[in-house]
Every structure is written in structure tokens, then in C-alpha cells.
Amino acid sequence: MEEIKLLGAWPSPYSYRIIWALKLKGLNYEYIEEDLSNKSDMLLQHNPVHKKIPVLIHDGRSIAESTVILEYIEETWPQNPLLPSDSHEKAIARFWMKFVEDKEQEKAVEEAKQQLKIVEEHGLGDKKFFCGNNIGLTDIAFGWMAVWNDVIEETVGVKIMEANDFPRLHAWVKNFKEHPVLKDNLPDRNEMLAYYMHKRDILLART
Amino acid sequence: MAVLEVCVKAAAGAPEILGDCPFCQRVLLTLEEKKIPYKTHLINFSDKPQWFLEVNPEGKVPMLKFDEKWITDSDVIVGIIEEKYPNPSLSPPPEISSVGSKIFPSFVKFLKSKDPSDGSEQALLNELKALDEHLKAKGPYVAGENICAVDLSLAPKLYHLEVALGHFKGWTVPESLSYFHDYVKLLFSRESFQKTKAAKEHVIAGWEPKVNA
Numbered sequence: 001m002e003e004i005k006l007l008g009a010w011p012s013p014y015s016y017r018i019i020w021a022l023k024l025k026g027l028n029y030e031y032i033e034e035d036l037s038n039k040s041d042m043l044l045q046h047n048p049v050h051k052k053i054p055v056l057i058h059d060g061r062s063i064a065e066s067t068v069i070l071e072y073i074e075e076t077w078p079q080n081p082l083l084p085s086d087s088h089e090k091a092i093a094r095f096w097m098k099f100v101e102d103k104e105q106e107k108a109v110e111e112a113k114q115q116l117k118i119v120e121e122h123g124l125g126d127k128k129f130f131c132g133n134n135i136g137l138t139d140i141a142f143g144w145m146a147v148w149n150d151v152i153e154e155t156v157g158v159k160i161m162e163a164n165d166f167p168r169l170h171a172w173v174k175n176f177k178e179h180p181v182l183k184d185n186l187p188d189r190n191e192m193l194a195y196y197m198h199k200r201d202i203l204l205a206r207t
Numbered sequence: 001m002a003v004l005e006v007c008v009k010a011a012a013g014a015p016e017i018l019g020d021c022p023f024c025q026r027v028l029l030t031l032e033e034k035k036i037p038y039k040t041h042l043i044n045f046s047d048k049p050q051w052f053l054e055v056n057p058e059g060k061v062p063m064l065k066f067d068e069k070w071i072t073d074s075d076v077i078v079g080i081i082e083e084k085y086p087n088p089s090l091s092p093p094p095e096i097s098s099v100g101s102k103i104f105p106s107f108v109k110f111l112k113s114k115d116p117s118d119g120s121e122q123a124l125l126n127e128l129k130a131l132d133e134h135l136k137a138k139g140p141y142v143a144g145e146n147i148c149a150v151d152l153s154l155a156p157k158l159y160h161l162e163v164a165l166g167h168f169k170g171w172t173v174p175e176s177l178s179y180f181h182d183y184v185k186l187l188f189s190r191e192s193f194q195k196t197k198a199a200k201e202h203v204i205a206g207w208e209p210k211v212n213a
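So the sequences go chain by chain: H and Y. Residue 1 is where the first sequence starts when you use my numbering, and the numbers rise one by one after that. Residue 1 is where the second sequence starts when you use my numbering, and the numbers rise one by one after that.
Bound-form chain H, shown alone (with noise of 0.2 Å):
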């Protein structure tokens, strides 16, 4: 029986990536919170060059980065598939989750609404999730947007994906978290939004 373990922490859409795979793919894992201040020797062993979560033990053997690990998720366990069979389609797909760890760092409203805007257009269209009726790995590197954007969003005090301009991210938003699968392996919004508002209250005392 093969063992997977799961390094995570919960307010990190990344920890969250991994989840929503596994739980696609019907696996069964151990969770194991790490407390990112008091690093853990697990977590310094099986992650020595970043010392960062998402870490993946499968049988012992470390997998780190959660793209990575996205991937080595689905080429493993082949049941339920995340990405297209086509060639082309998988790499449009791999286009999309490339795009959105290049591009999440965005400090200006503006051209934050831009990279929606694109994303809103070119990347999903008119389909239901990225990769067209069914949910796939491109969704889960997305999903921060369905459940972080609008906590950051109240937090911050600036609306930034409103629905008038964004009906179809909106829409893609609305699926994400009614997905049989995911609605149940949710973040807590009300406990994100006092983690959050805990860590912004820090900086501003600090700064």
C-alpha cells in the first residue's frame, strides 16, 4: 500500500493545489500542517534547497514546487485525468498554468485588471473551466483566484474582479467552488479573512 504525505500550511493557495489533486484523483494521503515560523525537520529534510510547502512524500521519495508536483500527480495516478490527451491541448493547458505563475505578482490595480483581462479572454473564453467541460490542472493553478482574490480583495479594501467586468471569470469562479469535489476541500473564508486582516494589522503597526 503506497504511502503519500502531504506538507502544507492552510492559508497557502499553493498547500491547496496539491489538495484539490489528490482529492480529483479519489487518493488518500496524510496532511501535515507546518508551522511556517518553526519550520519543521521534515520539512528542512525533504525540502533542503527551498524550505518551502508543498512538499509531496510519495513512498519516502520528496517532490517540491507545486507545478511540479501537479504534474508528477498526474502522470502517476492516470485515473481521472487534469490534463488534455492532445499534444496541443495539453500544451495550451501548460501555457495557461505558466501564465499565472509568472503573472501573480501584479502590485498595480490597473495592470492587474489587464492580466485578468487576458486571462478572462484568452485563456478561458467561453468554456466552463480552462480546458474546456471538465476541471484540470490549469483550474487548480488558478484556484487562488476563486478563493484568495476576493479575501485579499476585502482586506485590502479594493475590488479588482468585479463582476460586471469579468462575468466569465465570475462564472469559471462560481463552478470552481460547486465542484463536487472542491466544494467540500475549501478554506474556511471567514477564518482566511482573519488570518489575513491579522497579517496586515502586523505590517501596519510595524511599517
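Just so you know, not all the hints are guaranteed correct.
Claimed, not checked - DSS-like mimics (lysine-lysine), calculated; alpha carbons at most 27 Å apart, straight line:
no.: 1; chain 1: Y; residue 1: Lys84; chain 2: H; residue 2: Lys199
no.: 2; chain 1: Y; residue 1: Lys60; chain 2: H; residue 2: Lys159
no.: 3; chain 1: Y; residue 1: Lys65; chain 2: H; residue 2: Lys51
no.: 4; chain 1: H; residue 1: Lys39; chain 2: Y; residue 2: Lys69
no.: 5; chain 1: H; residue 1: Lys39; chain 2: Y; residue 2: Lys65
no.: 6; chain 1: Y; residue 1: Lys48; chain 2: H; residue 2: Lys199
no.: 7; chain 1: Y; residue 1: Lys112; chain 2: H; residue 2: Lys51
no.: 8; chain 1: Y; residue 1: Lys60; chain 2: H; residue 2: Lys39
To be clear, the hints were calculated from the coordinates, so they are not data collected in a lab.
Position chain Y against the provided structure of chain H, taking the given hints into account.
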């Protein structure tokens, strides 16, 4: 029974006196309200002790020693205390956990503002009014009859608000927000608050560099 050890910020320039960190005060208030015996280590921020930096390289406060492990982050610390010492309960009902949560950021924005027409004063007043109305309907504490963790988190911040805005802007919360004023009086008069608050001059000294940046 082992006494809990907690590291808190010392006053700047007076390392033998309790400092102005509101997150430290929140933890101390929690320990006091639950009547848990504790020992404080006052950490001098201009000269952090070696042993402190060894267990806490980022030098963060507050820090609590629990089960031989040092824990940081007041949210986590307060959560652990509540779990291990559930009586009296300070656990807030989930629907009030965000009451007053925007007061601190809007206070900081107004405090640092150099432009009287930037709307920051009004934004703060809106948040204070919202709290006032909540207390009118549901008070005297945010969750009703009994004090809870949300009150203990807010109290130090409201103290900072009163002291800093009074000193730097000559500003006070309008008297018309009577429920707010009653609430503040109630919080500040509690024995736990009197025991754990920083002296006004240290609160002012703490905000000085940020206001005049």
C-alpha cells in the same frame, strides 16, 4: 504547575518597562483574564538577547513557551491558550470575529495622512460608527454580556488610536458615539487592562517615526 513564559516588547529606551506592542498586550490580557500564572521576558528591541534570537531568528513578539516549544504570532498563541485553558471561555461566536477589524488600518491611514481632504478621517469615522451601532444593538461587549477574544484584540488597538490621534492630531472620537465611549471605558477600566497597558509616552514614541516619515 509550570508557569507559562511569554516574551513581550520592552519600552524603547526603558528596557525594564513593558512596551507598547498591541499584539503583546493582547496575549497578556488573555492570560490575565483567564487568571493563568505567567512570567514575562521583556525584550529590548535595540539589544535583543542571544537566546531569544536563537529560538526566534526573526525576533518577533509576542512569543509564548508552551510544552517546551516557543510559539509566535498572537493569533496562534491566543488560540492555543483558549484550547488548553478553556475556562473562562473567551471564544467568540464566528459571526462577530470581524467586528471592528477595519478600525486599526483606517486609524493608521488617518494618523499618517498629511492631506485633510483625502477621506481617511471619514473612513475611520465610518468604521467607528459601525462599531458604535453594533454595540448599541448587541453590547456592552462585542459578543454581548461577556468579554471575549475579539474585545481583547481590539482593546490595545483602541488605546493606541486614542493616544496617538490625540497627541499627533489633537483628534478625539466624537462624543456622539456614546456606545463606543462606554465600551472603551469598560475595557480600559478592567484590571487586566490597567496591568498590561503601556505608558502613553511609549505609545507616542512608538508611532513618532511613522508619523513623521
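Cross-check of the supplied hints:
| no. | hint | result |
| --- | --- | --- |
| 1 | Lys84(Y) to Lys199(H) | 24 Å, holds |
| 2 | Lys60(Y) to Lys159(H) | 31 Å, violated |
| 3 | Lys65(Y) to Lys51(H) | 24 Å, holds |
| 4 | Lys39(H) to Lys69(Y) | 12 Å, holds |
| 5 | Lys39(H) to Lys65(Y) | 16 Å, holds |
| 6 | Lys48(Y) to Lys199(H) | 23 Å, holds |
| 7 | Lys112(Y) to Lys51(H) | 37 Å, violated |
| 8 | Lys60(Y) to Lys39(H) | 15 Å, holds |
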